[in-house]
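Residues per chain are reported as follows:
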Amino acid sequence: MTSDGLLFADPTGATPDEWDEVASEASVDENALYLELDGWEGPLDLLLDLARRQKVDLRSISILALVDQYLDYIDRAGALKLELAADYLVMAAWLAYLKSAMLLPKEEQEDPSPEELALKLQLRLQRLGAMRDAAARLMGGDRIGRDVFLRGSPEGLEIARKNLWQCDQFALIEAYGRVKARTAPAIHMVRERPVMTLESALDRVSNMLGVTLEWMELRDFLPPHAEPRLKRSALASSFVAALELARLGKAELQQEDTFGPLHLRRVPA
Amino acid sequence: MDELARAVEAALFAAEEPMTAEALAAFLGDAPVGDVREALRSVAGDYEKRGIHLVERGKRWHFETAPDLAHLLRREKEQVRRLSRAATEVLAIIAYHEPVSRAEIESIRGVQTSGGTLDVLMEAGWVKIAGRREVPGRPTIYATTPEFLEHFGLSSRRDLPGIAELRATGLLDPIDEAYDELVGADEGEAEATVESDSGDHA
Amino acid sequence: MDELARAVEAALFAAEEPMTAEALAAFLGDAPVGDVREALRSVAGDYEKRGIHLVERGKRWHFETAPDLAHLLRREKEQVRRLSRAATEVLAIIAYHEPVSRAEIESIRGVQTSGGTLDVLMEAGWVKIAGRREVPGRPTIYATTPEFLEHFGLSSRRDLPGIAELRATGLLDPIDEAYDELVGADEGEAEATVESDSGDHA
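Residue numbers (our numbering), protein chains in the order written: chain A, 1 to 269; chain B, 1 to 202; chain C, 1 to 202.
In isolation and in its complexed conformation, chain A is listed as follows (with noise of 0.2 Å):
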């Protein structure tokens, strides 16, 4: 309902304990009224010191009286020229309407009517309640470093690692027969292998461009009966041969898909 926390209490500096003497009707002091943006919060919370001053269990509380008192406390409030929240105004609000249905004949009462709304305000603040006094027994109990202290300085608990290395002697063996082999002069033999230069590529391509200015695959470019060692350097250097001819500006490359034929043509000079 509200993001901001507020507090009304007076300037000397009052807790939250003693918010009952701030806001009772015998001891208001109006003008030590102020805000705070701490430790209240929001309506809920307001309703709850309302409903507690009545000094009767929340079961039993006359939500018509708490109404009562909270729209007066506003008042008074909104009279003290105070910025109030705007949630404390929506609350009110919420409850005024809630009042007036309350105090309605029971035929024009509308769904969710006003009984189960204030029944459920009623249990909301049951919890609240509930809460707080649980949150104030927990702070009350042997809290470390309020009631009981740990050890000043302890040692500490150490366990130290201490490796147990294994190897055997097949292992240590076999690790240094490997080193020996891996480097060991290694013989690298290049074989004498038929292959086209660019340069053959290059006058080749560009002659059988010359013949007419269709479209024609790479492919056809090639040696018709070579090896097949022979047509991949072959087919190497005309790729080339083809992307050499295009940047001279001789020849247009076309591919319609990836990995499809690749087709070339003559630019007319």
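Don't read these hints as lab results, they were simulated from the structure. Accuracy of the hints is not assured; some may be wrong.
[Stated by the list, open to error] BS3-like mimics (lysine-lysine), calculated; alpha carbons at most 30 Å apart, straight line:
no. : chain 1 : residue 1 : chain 2 : residue 2
1   : C       : K128      : A       : K180
2   : B       : K59       : B       : K49
3   : A       : K162      : C       : K128
4   : C       : K77       : A       : K162
5   : B       : K49       : C       : K49
6   : B       : K49       : C       : K59
7   : B       : K59       : C       : K49
8   : B       : K59       : C       : K77
Use these hints to put chains B and C onto chain A, whose structure you have.
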């Protein structure tokens, strides 16, 4: 005094953090956990009337000074963090309802909870993220930690002040459930508390 | 147990440093120093046979764990670990070529050797620093230890098989075989594979 009890005593005394019986057993060269537990209870008994106590908090054991000596030790050692009222309430709500989402905390408190409040509690090590609730939006849910139990001197969550009564009286149930039960169970009583009659409760 | 003894016990437990009887007396609201001393002695007596002792060192008192339990508080765990392939190779090179510098090891292995590998071998107790080579830069040289011979069941380094024997036992075979296979078997494909790393064949 048997050797295991002496070892358990010395280890916990020297330890920088509270330890579970299992961790102690592992540390002491895989002693049987049952024997360690027995030793812990016997040592705790020895210290019952002394100025130091051996206590169990959330399954972890540690030594601490006797609570009744607080007045002697407190002067120099006041080191406890003062919690704002908002943080106190949020902590209580998490402890009594865990695991709980921020929206659920807010619905109980009736105000938005600033992220800073949860941060303070997590920084103190008392609250941790305990996953997400499997409902639309998958909200983060929060729960308390073993350090929370340690700090507030609780053996387990069952030791939270008044938790049994709160549970028995339904004060930890969601409002809608409590409302349905109240209305469904006893119409007469529900009417009495809200001053007027209505048959419209759905 | 009287209250002063409990207070003394708790105060010393929570104290960050050892305290003299006078300091304790002052801390505990000006208790008579004589009474504090008496309490200290009585508490020390209570702990005599326990896992914790209250001791006086240079007039200052503090708690400490019983000396006979020291081995429990700093435990050594032995972990059996297999030597890595790289470490085994380095060890073998040192054994065959000792004394040898790191640069020499690297040149024999054909790969760089991380300093951690030599540390492991020294931690295992199999390799030691055997001085420096009297060449520019005076590099550290390494040699094996008697523990090395013992662990590997060798009476002396002469027991290590020589290169000729390694070849005879087939430990140097893989590369030759692989080579013959490559050259002889498939002329067409050989050019593609002969350059691959033959070290993997061992």
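Status of the hints after comparison with the structure:
no.	hint	in the structure
1	C:K128 / A:K180	holds (23 Å)
2	B:K59 / B:K49	holds (22 Å)
3	A:K162 / C:K128	holds (18 Å)
4	C:K77 / A:K162	holds (6 Å)
5	B:K49 / C:K49	holds (18 Å)
6	B:K49 / C:K59	holds (27 Å)
7	B:K59 / C:K49	holds (27 Å)
8	B:K59 / C:K77	holds (26 Å)
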